[in-house]
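Starting from the known structure of chain L, fit chain G onto it as the hints suggest.
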Amino acid sequence: MKKYIRSRLIQTLVVLIGVTLLTFIMVNVAPGDAATVMTEKITDQAAIDRINAQLGLDKPYFVQYFLFLRNLVFFDFGTSYFKYKPVMQLIIEGFRVTGTLAVTIILFALVVGLAMGIMAALNRGKFWDQLIMGLSTLGMALPSFLLAILLQYIFGLKMQLLPLSGLTSWQGYVLPSVTMGMICAAEVARLTRTSMLDVLGQDYMRTATAKGISRQRIILVHGLKNALIPILTFLGNSFKAILGGAVLVETVFGLNGIGRLLVDAIMQRDTPIIQGVTVYIAMIFVLVNLGIDLFYGLIDPRIRLAKDND
Amino acid sequence: MGDSKKLLEVKDLSIYFQGKQALDRAVDHVSFSLDAGQTLGIVGESGSGKSVTALSIMQLLPIPPAKIDSGEILFEGENLLKKNARQMQDVRGHKIAMIFQEPMTALNPLLTIGEQIMESLMTHLKMSKDQARERAIEMLRKVEIKNPEERVDSYPHQLSGGMRQRVMIAIALSCDPSLLICDEPTTALDVTTQAQILDLINKLKEDFNTSVIMITHDLGVVSKVSENVLVMYKGRVVEYGSVEAIFENPLHPYTRSLLAAIPDVSNRQARIELVHQAVKNDDLSLTTGDNIFDRATYQARINAEESALVEQEPGHFVRIFKNEWSSQAQDQAMKAGESDE
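Protein chains in written order, with our numbering: chain L, 1 to 310; chain G, 1 to 341.
Take these hints with a grain of salt, some might be off.
DSS-like, lysine-lysine: derived pairs with alpha carbons at most 30 Å apart [unchecked claim]:
#, chain 1, residue 1, chain 2, residue 2
1, L, K225, G, K95
2, G, K205, G, K129
3, G, K126, G, K82
4, G, K67, L, K126
5, L, K126, G, K82
6, G, K67, G, K11
7, L, K85, L, K59
8, G, K146, G, K126
9, G, K205, G, K142
10, G, K67, G, K95
11, G, K6, G, K142
12, G, K126, G, K205
13, L, K126, G, K83
14, G, K83, G, K67
15, G, K142, G, K129
16, G, K126, L, K225
17, L, K240, L, K85
18, L, K225, G, K129
Calculated directly from the structure, the hints in this document are not laboratory data.
All figures in this text were calculated on a predicted structure; none of them were measured in a lab.
So here's chain L without its partners, still in its complex pose (with noise of 0.2 Å):
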């Protein structure tokens, strides 16, 4: 297991010098520069080279990146051109609203998705099954940004229970988290229900039945551990998309998060930021990824005794 994490780590350094040099190709390839910007509509070239010399943006491209990769080696991703500030605070900044974000949705949809894909699942082809699979459709198929707005009207205008937006107290989380957690919880029924479905026609089911032990322990510890593996997977995933940022929960719940740290960013140009999250956003991947791989072994004996003879 050693031997394997430290292979994956290698593995971070490579894909991590990959994403940096592509980021930093496409950020200068594309139109536009930061001084343009700085400088809005005023055509004064001597202004611009100012600027671009402050910024360090008049040496050679090669000698920017070598630059930018030394400073990486110690963490620092420069400060950023219009907010003043270290790269790297802004990003902590913005992991605090993400991360937080984050959790609360994989947990609520963990919750709820697990428990209606588990009753689905034992209630196959009856009411409660039909109505679990279709509100898991509808969940699926509803943008983001309107279940948000249904919510904000709901519980923020009508019943003035939670905030509108903004992050004042926590309240501020539970709208977003619902949002996002619901409709990652109709993917995650939808899934547990498969899985469920196929473990329970499993031999080694009806060995543990023939045993005598609990429904619940049945249920539970033999047949949900066995389905476990396909929904972790996919949550996972959702883990690394949100933490990579939410774009539009963010926005329209006005939550300064690395969704829109990012986005702002690229309007504007606003290089250091946007490597910054780049290699971020890279090294949540990368680390979510070995989680989860970390978590198959520890859910499955067969996959953490082959990771031991590689």
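Relative to chain L, chain G alone:
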């Protein structure tokens, strides 16, 4: 338990499966009984209803599509069919345990074999984790698994098929059940392992003083372990009696054809006799011959005529047609002639 007391009595059990075009009964008015400490072999081909009968005792049949039409299953005097799900939990794994055909898939791949043995101990005998673990190791030793202290933490995929079946036996016997149902326990194993597993079941049945129902399509297996035999064909009992009676004096043509199909090394036969045709191809009529059972003719008759299990010798029952009394007698005479040779 007194010798006279029946451990298990199945009375007039009928089961059918819904959803098929014809409501063919999978189990058709089957009755048998089992004394404490005895072994009953249930023999029949695929589709004869032997596994369905066994699963119905444990109430492991999926209902629906299965439906129990009539009958009683009396275990220690109580009708199991009258028990609710919660009450059945206390019987399963505790009083009645079961071993299945496929050791490769019958164990949960994600739990250690120790955990899988300990579960029922902790549920039924209210053992603590440590006690249960100790008992699990002891059970692994009893089923002759080497290094039980290490093996208890192994996962099923680290064991061979024969070893997994031993683990299944350990699970089944861990709570000291009064009845062990073995549903083709050796079918999926290779021949040497088969013999070992049968010997083990035979030995442990004595050690644990357990009654056994051995379900198999292999009369060789039955002769090795059972005292009584129930031969089933298409959901019905066609012959029922002691092993000696069935093997030395098989009365039903189907039983005879099954017996003829056992390869006999001492006889140097060039070919093994066949039990002709699979269950479903009833419309094909196959040859006649001494030991060849003609399914089509038999099926036609069983549809048209009434038949009943009749006690031909003490304790030896055979299904015969109502108007066959005389021909049955002829048959007996012919049999006697054969044995003179």
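Structure versus earlier hints - violations, ascending order: Per hint list: zero violations.
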